[in-house]
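Visitor: The lines below spell out each chain.
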Amino acid sequence: MNNQNIDFSMVLASAVHDMKNSLGMLLNSLDELRSEHEQTLGESARFNTLQYEAERMHNDLVQLLGIYRLGENNLSAHIEEHFVPDFLSEHLARHTPLLQGLGIECSVEAEQINGFFDEDLLTGVLNNTINNAIRYTKTRIRLTAGERDGYLVIGVEDDGKGYPESMQHTGTLSFKSLDFKSGSTSLGLFFASSVATLHSEGDRSGSIKLHNGGSFGGGVFEIWLP
Amino acid sequence: MTDSKADYNPFGKLTYLIIDDFENFRLSMRQMLRSCGADKIELVAHAGPAIQYCTYNHVDVVLCDFNLGEGKNGQHILEELRHKKLLKRSSLFLMVTAETSKEMVMGAREYQPDAYLTKPINRAVLEKRLSSLISQRNALMPINREIDRENYPEAISLCLQALPRQPRYKTWLMKTLGDLYFRLGDLAHALKVYDDVLAQRELSWAMLGRCKVLLANRSFDEAVTGLRDLIARHPDYMEAYDLLAEGLERQGRPTQAQQVLEQATEHSPNALLRQKQLAELAGANQDMDTASDAWRRTVELGTYSIHDKPEHYLALGQTLSDLSEGDMEEEGTARAREALAVLKRMEKRFADDEGIGIRSQIVQCRVYAGQGQDQKAARILESLRPELENAASLDAQTGLDYAKTLFRLGHETEAKKRLAQMAERFGDDPDTLQKIESLLDEPVGFRQKIKARTLNRDGIKAFESGNLGEAAEIFAKALEIVPDHAALNLNLVQVLMKEYDSNPGNTDLLRRCQTCLDRLAGLPEQHRQHRRYVALQRKLKGLTG
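Chains D and R, in that order, give the protein sequences. In terms of the working numbering, the first sequence has 202 at position 202, counting the first letter as 1, and numbering is strictly consecutive. Residues are numbered in the working numbering as their position in the second sequence, beginning at 1, plus a constant of 1000.
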């Protein structure tokens, strides 16, 4: 094999897959460590950073894989009906140890409704958004859900400084809008936007909205699903 | 309303089984469950003790790691527990997976777990997830109990009552309703359930359910179109492939059905039953290469599976025997060797099954004969004979396979005699009768079979375009390969008679007709070609008399 035709994106994807699973194991160990040494580790800033950053990398890798599959046209939404309050509190549960460690208050305020969406895809979006909120909030995070204009709107609110002017927008993001030069690539937002678009019903399709305000006056992320 | 855990602890009442090969994980899982309020928790490391435990104890919740190292995995355990009915419908089976294993688990053809838990798992996640599953279990318990008792009408009325009261479980209730109506054969109501769901939203499970009903209603075209559409939208929805293959087969398109199953096994290669179905279909399509690959996979996947059967090994041996027959090149001898090895493995693995040795030797005989080792084949046959003397005690499969071996070793008269006896014994079993007919028609290797079939098709084409001379020549050539083939003989008779119409002086044509009909003198009345045979015989009498 002299003339190797290396499909680099394939190589990357399988490496990412591997790393993601390693990080999964690492996060598992961190959770165990935290519960075994609750007294000494509970408030440790360094331990919190460790967990937060590992969580962040894990999310990034999940999204990378999602985007890879999107590029391969291999990602389709398996839409099922879910009871929204249960879905949100189950996902908040994953972040509970870290939130407690950081002393961040969190709550769910959802209408008692069923929604139609792909559980796995939404999990990816929510994990990333919650993680992002953990980074920028001061003291509080809130997950909201309700029906507006015939859409299911799931929101993540915090009481931080909010999104900078340049990031606030409505609708869908294209791949071109990713800026690899600035520190923040908005990869997470691109992923969220792609997931939203994969959810369509008739001629309506999903989208994301970023603005400031909400009940805490900080950043508000919303995903609108038909 | 109760608001404190002390008053009502949903975890405390239930019994748990944790299956994981890592001690640390078992212990930390138990720790988490205990802190949720669970009390009766059993820990095991592997499949053996897990199944043993479930045989003698009632378990409400199984938490099972998918990857258990060497030996059976979580899916094997799930299938075995549900298959042996060691786990009730109302019990929960949670599959714990690393993210990599998720794809491996998906696409199982039957027995899905109640939920997947993806590592990493912390206490809060476990508590949330499990408590919502437990409250769902409790809410749906009366319905599941009736389903376990197979009292479907009662289960249906309970579902209908629950629908307005339990909107949270609407999806489960509608899915179950559709399925229950279907099981009862009430297709109209089943269809209505799916249509109601689809009127609100195009959900894939409802589309699948709808197509399933259409298929049962014999609306094959509509079902096939619907399923193709569903697969285009969700290329990873395995059940849709299975159903589409079934639909195509019932439409009479076995080749396309095979292609669909090939696609499905490419996406999800680990479902034994799907591999088996592909193997059977490819075998029926005379695509022996695909069949042997799929049988090989089926045998491999059987290693730890409850679905493992000696028939899979036999089928692999038979297919390899067909492929290697008369092929003394490297590929042929390798296949023959593999066939013999597979049969040996079967004899060891199923040593307690009655008649396994005989079934194995019947195939071995053909393998040796196909490799030119006639003496060895003959020796095995002689040793088999006394045991197979009493034809009346043989099951259909063994009888057919034995006849095939007799043909291959040149004992045609004996083979025909046994098949005639079998046709009488299995007179009310159309499936077996058809197999007997096919074997009588084409008692040759599959390559020759394909050649004869191709010639038959070409002959029909020539006949249809009016080239009588050419058609007769082609049919005669096909009959050189399979001289006793009923339909082929009658095809030739028809062509010759038509030729005689325009050459009334040529009595040689009629003589040739007679030869063909004489070959079918022993055609039994229940043969599919019998009426045609009688009609043509009468016509010939009219022409000669």
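Be a bit skeptical, because a hint or two may be false.
Calculated lysine to any residue pairs in the SDA-like style (CA-CA distance at most 20 Å, straight line) [as the list claims (entries may be wrong)]:
1) Lys1170/R with Glu119/D
2) Lys1119/R with Gln112/D
3) Lys1119/R with Thr123/D
4) Lys1128/R with Asn28/D
5) Lys1119/R with His17/D
6) Lys1119/R with Asn21/D
7) Lys1477/R with Gly1466/R
8) Lys1170/R with His78/D
9) Lys1128/R with Asn127/D
10) Lys1175/R with Glu119/D
11) Lys1175/R with Asn114/D
12) Lys1170/R with Phe83/D
13) Lys20/D with Leu1117/R
14) Lys1119/R with Met25/D
15) Lys1175/R with Glu80/D
16) Lys1119/R with Asn127/D
17) Lys1128/R with Thr144/D
18) Lys1085/R with Ala1098/R
19) Lys1119/R with Ser35/D
20) Lys1128/R with Lys20/D
21) Lys1119/R with Thr144/D
22) Lys1128/R with Ser14/D
23) Lys1128/R with Asn114/D
24) Lys1175/R with Phe83/D
25) Lys1170/R with Gln112/D
26) Lys1119/R with Leu99/D
27) Lys1119/R with Phe216/D
The hints are simulated quantities; they were obtained by calculation from the structure and are not laboratory data. Because the structure is a prediction, the values reported are computed rather than measured.
Visitor: Would you check the hint for lysine 1175/R and asparagine 114/D, treating anything up to 20 Å between C-alpha atoms as holding?
Guide: Holds, because 16 Å separates the two Cα atoms, which is no more than 20 Å.
Visitor: Straight-line Cα separation of lysine 1085/R and alanine 1098/R no greater than 20 Å?
Guide: With a Cα-Cα distance of about 27 Å, the restraint between lysine 1085/R and alanine 1098/R is violated, given a limit of 20 Å.
Visitor: Tell me if the straight-line CA distance from lysine 1119/R to leucine 99/D falls inside 20 Å.
Guide: holds, 19 Å
Visitor: Taken at face value, is the distance from the CA of phenylalanine 216/D to the CA of lysine 1119/R at most 20 Å?
Guide: At roughly 33 Å apart (the allowed maximum being 20 Å), phenylalanine 216/D and lysine 1119/R break the hint.
Visitor: Do the alpha carbons of lysine 1119/R and serine 35/D lie within 20 Å of each other, as the hint requires?
Guide: holds, 16 Å
Visitor: Are the Cα positions of lysine 1477/R and glycine 1466/R separated by 20 Å at most?
Guide: With Cα atoms ~18 Å apart, lysine 1477/R and glycine 1466/R stay inside 20 Å; holds.
Visitor: Mind checking the alpha carbons of lysine 1175/R and glutamate 119/D for me, to see if they're no more than 20 Å apart?
Guide: The given pair, whose Cα atoms are some 18 Å apart, holds under the 20 Å limit.
Visitor: Taken at face value, is the distance from the CA of glutamate 80/D to the CA of lysine 1175/R at most 20 Å?
Guide: holds, 11 Å
Visitor: Would the pair lysine 1170/R and glutamine 112/D pass a check requiring their Cα atoms to be no farther apart than 20 Å?
Guide: holds, 13 Å
Visitor: Is the straight-line distance between the alpha-carbon of lysine 20/D and that of leucine 1117/R 20 Å or less?
Guide: holds, 16 Å
Visitor: Are lysine 1128/R and serine 14/D close enough, with their CA atoms no more than 20 Å apart?
Guide: Distance ~32 Å between lysine 1128/R and serine 14/D Cα, so the pair is violated.
Visitor: Can the restraint linking lysine 1128/R and asparagine 127/D be considered satisfied, given a maximum Cα separation of 20 Å?
Guide: holds, 16 Å
Violated hints for the displayed structure, listed by number in ascending order: 2, 18, 20, 21, 22, 27.
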